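**Q** In case you want the letters, here they are:
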Amino acid sequence: MATRTTESNDLVGLDRETMIEMLRWMILARRYEQKTAEMYQVGEIGGFCHLYIGQEAVAVGAITPLRPDDYVITAYRDHVHGLVCGMDPKAIMAELFGRVDGCSKGKGGSMHLFDAGINFMGGHAIVGGHLPVAVGIAYAIRYRNSDAVCVCFLGDSVANIGAFNEALNMAALFQLPVVFIIENNRYGMGTAVHRAAAIENLADRACAYEGMQGWTIDGMDVLEVRRTVEAAVERAREHKLPTLIEAATYRFVGHSMSDPNYGHYRTKEEVHQFKSHDDPIKQFIETLKKNSVITDDNLDEIEQHAKAIVEEAVEFATQSPVPGADALYTNIYSGDYPSAKRRDPWR
Amino acid sequence: MAVITYREALNQALREEMQRDPDIFLMGEEVGAYQGAYKVSRGLLEEFGEWRVRDMPIAELGFTGLGVGAAMVGLRPIVEYMTWSFALLAIDGIVNAAAKIRYMSGGQFKIPVTFRGPSGAANQLAATHSQALDSWFAHVPGLKVVAPATARDAKGLLKSAIRDDNPVVFLEGELLYGTKDEVPENDDLLIPLGQSEVKRPGKDVTLVAHSRPLHAALTAAETLEAEDGISVEVIDPRTLRPMDIDTILESVRKTNRAVIVEEGWPVCGIGAQIVDDIQREAFDYLDAPVVRVTGADAPHPYAYDLEQRAFPQTDFIVQAARQVCYRE
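Read top to bottom, the protein sequences are chains A and B.
Start counting at 1 in the first sequence, then tack on 34, and there's your number in the numbering used here.
Start counting at 1 in the second sequence, then tack on 104, and there's your number in the numbering used here.
Among the clues, some could well be false.
To be verified - Here are the simulated distance ranges between beta carbons:
(1) B:195 - A:323: 50 to 58 Å
(2) A:323 - B:155: 45 to 53 Å
(3) B:162 - A:224: 29 to 37 Å
(4) B:292 - A:103: 29 to 37 Å
(5) A:374 - B:125: 28 to 36 Å
(6) A:368 - B:288: 26 to 34 Å
To be verified - Anything over 10 Å on all C-beta distances counts as not near chain A; from chain B, calculated:
(7) 149
(8) 196
(9) 209
(10) 292
(11) 302
(12) 329
(13) 376
(14) 395
Said to hold, decoys possible - For the chain A half of the interface with chain B, some residues (derived, Cβ under 7 Å), not all of them:
(15) 71
(16) 139
(17) 141
(18) 142
(19) 148
(20) 150
(21) 166
(22) 170
(23) 174
(24) 177
(25) 201
(26) 204
(27) 365
(28) 366
(29) 368
(30) 372
In short, the hints are calculated from the structure, not lab data.
What you are looking at is a predicted structure, and each value in this text was computed from that prediction instead of being measured.
By construction, the Cβ of each residue, glycine as well, lies at the ideal position given by its N, Cα and C atoms.
Put together the whole structure using the sequences plus the hints.
**A** Here's what the structure looks like:
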């Protein structure tokens, strides 16, 4: 685990409004995912569903300092990244429900959220597959002489796949404005990181690429994440240099909805230890209270607000119709394409 | 009209399109300083510079994804594979990313990327470098698949592929680069994707062939005409997905007999799909079972004689046509 480099009372020069905004996102993320679990359990959500509970500091610390023209891309544990990027919580929930008002009209589901309008580039479910895509987005940024950046989140297991090397090598070789953020939650599904990666700190792999920095940080400390990502974004924006950040974090729930919170590969005690000592939201609230940034009343209001958003999202998703039969064969191609019904008249 | 090689035709298509649209860029192994492993990109680095003609490390999965990402944000990448056999390392980028992102996002993104490079066998390169994977890609909804057999088609179809807003798999015949053909010199030669062409009119039997086997089919047609008095209609689908099956059906309804030729393996091949379309839509017009001539159902061999035997040879096509005409 990383050594903490941010003292808990170090507010890294952020104004009160920004800190409260970050807390709002973290609490919304937690409540949204808890509600998602509930909706999964009652059968409204199908398929594979991976929750972000416990990891909120990473997405919130990394996305809140970005500009609207920056890009974000992530893997399949993507609900919260989409939310914090500014996706409509209603459209995400409707997508999870498989309804027409979902962000992808019910065709992508939990693992494939997208919002082109706000540069949220997915939602990618093949481990490692989106790293080269992130590099392509960064290539396009430089191609157009823009000073935007691309922030690419990845799981710890991605550090072992070939695409990781191919993507990081190209990012360094072509000097592309990309920030890779490994969310090291200690397990690739049920395989502990040390059982899959022949290296202690995954960020140390950055040393293989000239010009790339590798930083391992406490991913449970939202202020440390924010400060680190700001530095990496500056390297990307100003100097076109890529950075590899490893944010040490922990998921408080199973890998997906089908995986119990503890059992075969991690103990009840371990999960309890992290939940009671490292909860990123509890830590941030303590810091904010200690520095008199928020009061209990503020907190109540934030909780109420989050609850209202989540309930509105569920209500919206519940009311949204299921896709009609015609949707099966739309959005496959851009432009005209011969009807598939010729070979498939029954559908 | 100038007579130029298939290679030069592709080079013209790339140059003209890149001159027309600054969002188009080319990438791949050896496309720049080396001028292209098969010299298709000759002169382009000098004309367009390294951001538009980008030499890539040997990292097919990596630069395929780079193309998809750039396409998601509006550029129009052309990804060259040194051979389609190497693109097997990039299947995730082509099949899971390029072909699906539009659908999975409910139509939010266009993916205007062209994946191109030599396909099929060359000369004695053996099994890993000699394969026609046409049906692999044609199987995938979300992709378009093009396989030109002549220089003219290569130019006109590549220009259309580059302008298409969808991912296009563009299969160039590795043994066709040096073949010559008359190609219009104007820069607006656009052959629409999804149009078959009757390459030789006839009335007794329909031969369907794409890419290099088209030439074997045309030679077979001459032999059949000369030796057997059989009038052969030869059709090149040119685009394998979406395929213009109507031109083929129209021909079969006239000739009542068909032979489908391809370089790929027989099982689940392109021809299998064409046979299905014919039997479903023109069953009552058939006077004989439709026959297929394919590459051998074996890994492609090295030894010269064995390799020749593995191709869909002219002689096999002649025999197949005689069979469906009951002239054996």
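**Q** Look at each hint and say if it fits the structure.
**A** Tested hints:
no., hint, verdict
1, B:195 - A:323: 50 to 58 Å, "52 Å, holds"
2, A:323 - B:155: 45 to 53 Å, "51 Å, holds"
3, B:162 - A:224: 29 to 37 Å, "34 Å, holds"
4, B:292 - A:103: 29 to 37 Å, "36 Å, holds"
5, A:374 - B:125: 28 to 36 Å, "31 Å, holds"
6, A:368 - B:288: 26 to 34 Å, "28 Å, holds"
7, 149, "15 Å, holds"
8, 196, "5 Å, violated"
9, 209, "4 Å, violated"
10, 292, "19 Å, holds"
11, 302, "19 Å, holds"
12, 329, "33 Å, holds"
13, 376, "13 Å, holds"
14, 395, "22 Å, holds"
15, 71, "23 Å, violated"
16, 139, "4 Å, holds"
17, 141, "5 Å, holds"
18, 142, "4 Å, holds"
19, 148, "4 Å, holds"
20, 150, "4 Å, holds"
21, 166, "2 Å, holds"
22, 170, "2 Å, holds"
23, 174, "4 Å, holds"
24, 177, "6 Å, holds"
25, 201, "6 Å, holds"
26, 204, "6 Å, holds"
27, 365, "4 Å, holds"
28, 366, "5 Å, holds"
29, 368, "4 Å, holds"
30, 372, "5 Å, holds"
Hint compliance for this structure: hints 8, 9 and 15 are not met, and every other hint is.
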